[in-house]
Amino acid sequence: MAIFNLNINGKMREVDVDPTTPMLWVLRDHLRLLGTKYGCGVSACGACTVHLGDVAVRSCQLAVSEVGDQRITTIEGLSKDGTHPVQKAWLEHDVAQCGYCQPGQIMTAVALLNHNPDPSDLEIDEAMYGNLCRCGTYTRIKAAIKTAANS
Amino acid sequence: MTVVKTTFNRRSFLKSSVLASGGMLLGFSWMASCKASPAQGLTLPDEWFEINAYLKIGNNGVVTIMSPNPEFGSNVKTSMPMIVAEELDIDWDKVIVEQADFHPERFDRQFTGGSQGIRQGWDPLRMAGATARQMLREAAAQAWQVPVEEITTSAGILYHQNSGKEAGYGEMASAAASIPVPEEVELKDPKDFKIIGTSRKNVDGLKMVTGVPLYGLDYYKEGTLTAMIVHPPAFGMKLKSFDDSVTRTMPGIRDVLRIKTLLDDYERGGFDTDTFPDLVAVVGNSTWEVWKAKEALKVEWEPFEEYTFKMGGFRGTQTVTVPAGLENTSDHQARMAEMASKPGREVRRDGNPEQAFKNAAKVIERTYTSPFCVHCSMEPHNFFAHVTEERAEVAGPVQAPEFVERTLSARLGMPLEKIDIQLTRMGGGFGRRAYGHYAVEAALISQQVKAPVKLVYTREDDMTFGIYRPAYHMVYRAALDSDNNLIGFHVRGGGIPESALHANRFPAGSVDNYLAEDWSIPSNITVGAFRAPGSNFNATAEQSFLDEVAEAAGKDPIEFRLELMRRAQENPVGERNDYDAARYAGVLELVRDESGWGEAAPGVHRGVAAYFCHNSYVAHVLDMVMENGKPVVERVSCAIDCGIVVNPDGATNMAEGAIVDGIGVAMYGNLSFNDGVPDKDNLDTYELSRISDAPRKIDVHFVKNGIDPTGMGEPPFPPVMAALANALYSATGKRLYHQPFINGA
Chain Z
545 MAIFNLNING
555 KMREVDVDPT
565 TPMLWVLRDH
575 LRLLGTKYGC
585 GVSACGACTV
595 HLGDVAVRSC
605 QLAVSEVGDQ
615 RITTIEGLSK
625 DGTHPVQKAW
635 LEHDVAQCGY
645 CQPGQIMTAV
655 ALLNHNPDPS
665 DLEIDEAMYG
675 NLCRCGTYTR
685 IKAAIKTAAN
695 S
Chain U
49 MTVVKTTFNR
59 RSFLKSSVLA
69 SGGMLLGFSW
79 MASCKASPAQ
89 GLTLPDEWFE
99 INAYLKIGNN
109 GVVTIMSPNP
119 EFGSNVKTSM
129 PMIVAEELDI
139 DWDKVIVEQA
149 DFHPERFDRQ
159 FTGGSQGIRQ
169 GWDPLRMAGA
179 TARQMLREAA
189 AQAWQVPVEE
199 ITTSAGILYH
209 QNSGKEAGYG
219 EMASAAASIP
229 VPEEVELKDP
239 KDFKIIGTSR
249 KNVDGLKMVT
259 GVPLYGLDYY
269 KEGTLTAMIV
279 HPPAFGMKLK
289 SFDDSVTRTM
299 PGIRDVLRIK
309 TLLDDYERGG
319 FDTDTFPDLV
329 AVVGNSTWEV
339 WKAKEALKVE
349 WEPFEEYTFK
359 MGGFRGTQTV
369 TVPAGLENTS
379 DHQARMAEMA
389 SKPGREVRRD
399 GNPEQAFKNA
409 AKVIERTYTS
419 PFCVHCSMEP
429 HNFFAHVTEE
439 RAEVAGPVQA
449 PEFVERTLSA
459 RLGMPLEKID
469 IQLTRMGGGF
479 GRRAYGHYAV
489 EAALISQQVK
499 APVKLVYTRE
509 DDMTFGIYRP
519 AYHMVYRAAL
529 DSDNNLIGFH
539 VRGGGIPESA
549 LHANRFPAGS
559 VDNYLAEDWS
569 IPSNITVGAF
579 RAPGSNFNAT
589 AEQSFLDEVA
599 EAAGKDPIEF
609 RLELMRRAQE
619 NPVGERNDYD
629 AARYAGVLEL
639 VRDESGWGEA
649 APGVHRGVAA
659 YFCHNSYVAH
669 VLDMVMENGK
679 PVVERVSCAI
689 DCGIVVNPDG
699 ATNMAEGAIV
709 DGIGVAMYGN
719 LSFNDGVPDK
729 DNLDTYELSR
739 ISDAPRKIDV
749 HFVKNGIDPT
759 GMGEPPFPPV
769 MAALANALYS
779 ATGKRLYHQP
789 FINGA
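Which chain is which? The protein sequence lines are Z and U, in order.
545 is the number of the first residue of the first sequence in this note's numbering; add one for each residue after it.
49 is the number of the first residue of the second sequence in this note's numbering; add one for each residue after it.
Chain Z with its partners taken away, still in its complex shape (with noise of 0.2 Å):
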């Protein structure tokens, strides 16, 4: 076990924990955000994607040690009313079925648009591609991310 002070979300959170806990968990377990979601701790679906500094990341690959000083973000850290642009390109094209991807979608996609501010349609396709959603709401993703665009 070892403390670490990471910046979460703005606000300095100290953990105690095994240095090889995924920063998932860490989120989790210990600091109770739970809109971070587990999806396959592989990489492969994309739920759980966070920023780390601007860039978008696998939570479940990202070793609480490796973070250091750098910014985290988490989908709670967007806004918490629902108010950021991609939040609410979202409601507007009423995405989410079952809903559970869609922080990692939605981490994802304002990562994009934050190196990308008018992506095309192979762009959204290049950068979303992690995110699965397995409802298969991906018309209604890319109908989001294009009205967040000109938003």
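I should point out that these hints are in silico values taken from the structure, not numbers from a laboratory.
Heads up, some of the hints might be wrong.
To give an idea of the interface, some chain U residues facing chain Z are shown, with a C-beta separation under 8 Å as derived from the structure [stated by the list, open to error]: (1) Thr335; (2) Trp567; (3) Asp709; (4) Val725; (5) Lys728.
In silico DMTMM-like pairs for lysine to aspartate or glutamate, Cα to Cα no more than 25 Å straight-line [what the hints assert, rightly or not]: (6) U:Lys678 <-> Z:Glu667; (7) Z:Lys624 <-> U:Glu146; (8) U:Lys242 <-> Z:Asp669; (9) U:Lys745 <-> Z:Asp562; (10) Z:Lys690 <-> U:Glu146.
By construction, the Cβ of each residue, glycine as well, lies at the ideal position given by its N, Cα and C atoms.
Following the hints, complete the assembly by docking chain U onto the known chain Z.
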């Protein structure tokens, strides 16, 4: 206006109205969970009055409607309360929706599956709203001393036109709660619907995009321990022994124990499917600690001998035999081919099919197969349980709480009333969560460690624990006469361990000479419901085959089907046809017109398919283009006849998802076995539709016929796979007979 007797649901109303007699205020503990979402901006009332199990009215006119069924993404949590609100005659903006826990004494059929939620909920939900409205009218009539017939309502306000009196529902809620439940109530004429038929946003939309805990995996209670299970690595294997000496010393580990999910003499129900009922469980403080400790466990497995268990059901108690052996996909394929070469069990016969094939000018025979497929719900299996000597409190993702409760009761030796099941939102289900073995496992672990426990399956556990879509095999034969009329049709369908055959579906009823047979091969690989069970393969095979028969007959594939449907409508063959040929033809005609069939632009390759299942009719036209030598789905046009559509945008979302899902299952779905070991155990190897597989455009069209709602979650799924196969043929000139299509066979 329709008058209906309220007897259907009267018992639950009576019980709840007794609870609320005299305008009794409900306890605030229950209401603590009843917070309006910020988006609604609703002010909560000071007092709530329970009118019946489905709804409560606040003194300020805000209404809480309980959504009875478990929610796995089909959006019943929005559409079911919409039905109640419609008959209550309230503004949707004044409604707070809450997920009901499992209360079979209060609610009808709390089961999500079989596309039956709205179909079977339609009457009880309307009645719940209409009954409450009637009680409010009675209360107003008594208060104003006027005949109840003269009280009208609109958007949550009671009016008496002659006296000019009016009052909000909130003002009459206390009095209404003590009005005796009426014997019969009036239901609205569908033409007066104001909420049903209008698109309303998902009631959990804001929560889902802000990461609010909703799912079973998010369910935490103070002092909850984490548990994981270790199960045999292969079908056909069982636990022999385990060495937990290292695991027990690892940080954060509380216990290692053996659990037996179902006892040997237990008579199982249809949803008690359990692949590995003898497990090791590791229990500890946190997920990662338990995960690592689980990996350190040394377990010995051994092949099991053939065994039997008792299974209850409509036909009484049966003995089910589970064969021994470590099975291989190559053997499966050989055995299926062998079975398909012999006559099967005759399920339906019309006319003289043998003679028709003898007389045929042309015979077409094709074989279609599919391997086992895995559900892969996004949220891996998990369940919370806190079992004490007094009670069992459980919570988590489950489609069929009724069956879980029964199993828990039997296994824990506890009466049903001591078992509380809370229904969390589910991260998908697709049929898999109708089998609640993991809830029983969680309860047994909690009982043994005497603490609240959350059982978490890893994705690998989830995918290798069985209850898959069966492996299927179907041989179709068609006989055409010299004028290219379909004079004979023969289907021989089988599978491991069951067939996908639906013998009384189209084209049965449209062909004079028809023969359907089935067969099956026993296996210890467990199977279960998978979105539109059976239909999801039957449709692929049948509708791919009919496309090929139409081509052989030199006919347009839509016109060929319509000809057969006209025959089935005007002069049906046989009496057991389970579809309405006019409605079937209706969706084909609608998709033909909406897709501009016959007017495809150059370079657009089209495939059509139609299917009936779960009481609804769906037809798709799939447009494919080739880009850089690769097929791309440009557009899918979809026509659906599911009767009245409660929430059109929600239903459209379901259809879009079913289309995307169907493309993925057909292209990639494949779980194979080597000596009983599944060849894939995670989403890096098991492929499903990704964003780049989704059609660029999906147009969904609903038939407007005013018929009471039928199924929606499953029906759009089966036909898309055939539409895809037929479009791929059109694009590449190659017919596809064997899923997954990615293999190109």
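Non-conforming hints, listed in increasing numerical order: 2, 4, 5, 8, 9 and 10
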